[in-house]
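S.K.: Which chain is which? The protein sequence lines are A and B, in order. Last residue of the first sequence: number 342 in our numbering, and the count goes up by one each step with no gaps. Last residue of the second sequence: number 384 in our numbering, and the count goes up by one each step with no gaps.
To be clear, the hints were calculated from the coordinates, so they are not data collected in a lab. Being a predicted model, the structure only gives us computed values, none of them experimental. Any given hint could be a false lead.
[Stated by the list, open to error] Taking lysine to any residue pairs in the SDA-like style, the calculated list, with each CA pair at most 25 Å apart, reads: (1) A/246 / B/279; (2) A/246 / A/158; (3) A/270 / B/221; (4) A/270 / B/281; (5) A/246 / A/124.
[To be verified] Covered by chain B, according to a simulated footprint, are these stretches of chain A (three or more residues, beta-carbon under 8 Å): (6) 109 to 117; (7) 204 to 216; (8) 250 to 257.
In this text, a Cβ means the ideal position worked out from N, Cα and C, and glycines have one as well.
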Amino acid sequence: MIEPPAVKVDNLRVRFRQRERLIHAVNDVSFTLAGGEVLGILGESGSGKSVTLRALMRLLPANCEIDGTIAVAGDEIMTASESRLEEMRGGRIAMIFQEPVTALDPVFTIGQQIAETIRRHEGIDRRTAKRRTLELLERVQIPSARRRFDAYPHELSGGMRQRAMIALALSCNPRVLLADEPTTALDVTVQIQILLLLRELQRELGMAVIFVTHDVGVAAEISDRLAVMYAGRFVETGSAAQVLKKRAHPYTEGLLAANLHGVAPGTRLKTISGAPPNLAALPPGCAFAPRCPDAMPICGTMPPSVDCGGGHIACCFRTRDRLTEVRDSTTPAVSLLPTTVP
Amino acid sequence: MSTTDFLAAAPAAANDRGGAKQPLLIVRELKKYFSAKTRFLSLRADQVQAVDGVSFSIAKGSTLGVVGESGCGKSTTARLLLHLIEPDAGEIIFDGEAVGASDGISVRDLRLAAQMVFQDSYSSLNPRATIGDIIAFGPRAAKGVASRVATQRAENLLEQVGLRASLFARRYPHELSGGQRQRVNIARALALEPRLLILDEAVSALDKSVEAQILNLLSDLRDDLGLTYLFISHDLNVVRHVSDRVVVMYLGRIVEAGDVGEIFRRPLHPYTQALLRAMPSMDPDHRTSEPPLTGDPPNPINPPSGCRFRTRCVFAEAVCARVSPVLAAAKSAIGGSEDGNDPLRPSRFSSGGDRADREHQVACHMMVTGSGHSRAGAGAFGHD
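Okay, chain A solo, but in the shape it has when bound (with noise of 0.2 Å):
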């Protein structure tokens, strides 16, 4: 029997309604994350990036309407009961957040909060489950894993609370890992840490991890794959290498000058211009053609998704141009000017 994939997403749309608007945060996301895989989503805020991840987990208000299907190691998330989803939460799939100050309970030691966590799910012992926990914190590398057992978190530094969140995480042996820009609070000689612990415990358990970031430095560390993410879209998918160095939508390009990525010092920067779109008014065709400096009329039609070869696709108009252009120099390129968008 095929194993079914660790993640599988199918025309994922959140919107949320507020008032009279409605927000359009993901719209129409599919992927499909093999178990072992480190997908890296890339996105400035209002992409929603965070919103796809806590789809994953049905972690969504009230407020907001979910379509399209998600499967979690093949069971289906959407349909799943209360219940149901209790187990899964944490047991199959865990997350990892930002502020680990804010995700971890002031009241209870780490090593309560570790404990009761596989206790609660796996219906262990209390010795049992504090030798499980030592050895967790163990593991994320925390030094003197017997006395921050019984640490509370604001006992511990930036960079141990998120190791400990790391361990809360990990407790219950999850298939898919999702982590919610772990890093950006932190230092960078304590992110780098991080990250190659995650990198490590990733490739040793065999996990799907999800890693959202708006750092495309981290990306580029973390990632296996990499999707860039639009108001709400994929824009780009495919390995961190084609996407960071072959990149093919104009969006990519843009954030990747803007992140000062191979840029020489003191030059004048590329910007994108403008500003994110509104989620409750996306234009029709494509929602970045506003702000991009090779938009034509077509552009105002939803772009297709276009295979750069090796799984690497871009939605763009304009990638297909290039490829024929790169293909057959004789075809006169389409013009490259920029065009006003109505």
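Following the hints, complete the assembly by docking chain B onto the known chain A.
M.R.: Frame of chain A, contents of chain B only:
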């Protein structure tokens, strides 16, 4: 175009007192200790040595970048400069005039000449005032500019930071996006026609695409208005992009200072080297495999004796715990012979200090011959 003339002409030439060679800002041995909570029955109160003997200078028209991890004292330094926090000790000299001295410049005048932009664009704007009023308030209150003139100037400033005055002057802060609010904060700071702008993590809360726009704006303003920047950030990429000179801080002290190219190409202090190696590689085919440092930055309450970095430094030896290394010129990376002069003590009020302006300085025993460190002066201490 006449509307912006007053701005373009104003600062550099008219206010320049010390001449082009006089650094706009000289800071000497700035110090601030905060007392933390006293332990029960303990005789000694805990101290946070937030800023401990920080000295640097900023040449006119240049940008000094300050980098360091959280708790290193970079924001406290910024606040000490404007006396937003009263320094315990140290000297601040603005364009040749000592701040607070009888023959110098008053704190009030300093605050007009040096303005600050903060990280949180929302909490630094009055939520109950319109954008136009916020920008016009400073000149009206501090310089007695007539209300109509101030309003007109506010509109010009809005245009100058890339916001259409007709659209934005009457709006309230909550109606703006983060990037727009930060533009307003910059306009508000510029309204007093400052010569020095202190940017404390001013772009850190913005999305990358917006951050790039603001960085371009800042670079235009610096050139157009002849401004000098003190740019504080934890983001090494940004600091590398905007700065002429960089200061690296660790637990309240400067560990290295130098021109931006020198610092990034030839870092001398083990902490700077680790910091640079900790930056994500940006290349999925050449990922980082070993963390350059273990553990978090230590608690700034009662920091380690001697060199504060020694607890995380792979080269640490006995001497590092005993003696605090002094920030001194590093003549060359290899050999590292030192002259006896303290480069940070130029004669007062002279155009001195311009030497320290260009020097590559480092505070590490390994860079000083005869310091007692086994690698001292041997040039054996490797960097990538």
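S.K.: Now tell me, hint by hint, if it's right for this structure.
M.R.: Hints, one by one, checked against the model:
no.	hint	verdict
1	A/246 / B/279	holds, 22 Å
2	A/246 / A/158	violated, 36 Å
3	A/270 / B/221	holds, 17 Å
4	A/270 / B/281	holds, 21 Å
5	A/246 / A/124	violated, 50 Å
6	109 to 117	violated (count 0)
7	204 to 216	holds (count 3)
8	250 to 257	holds (count 3)
The earlier numbered hints that this structure contradicts are 2, 5 and 6.
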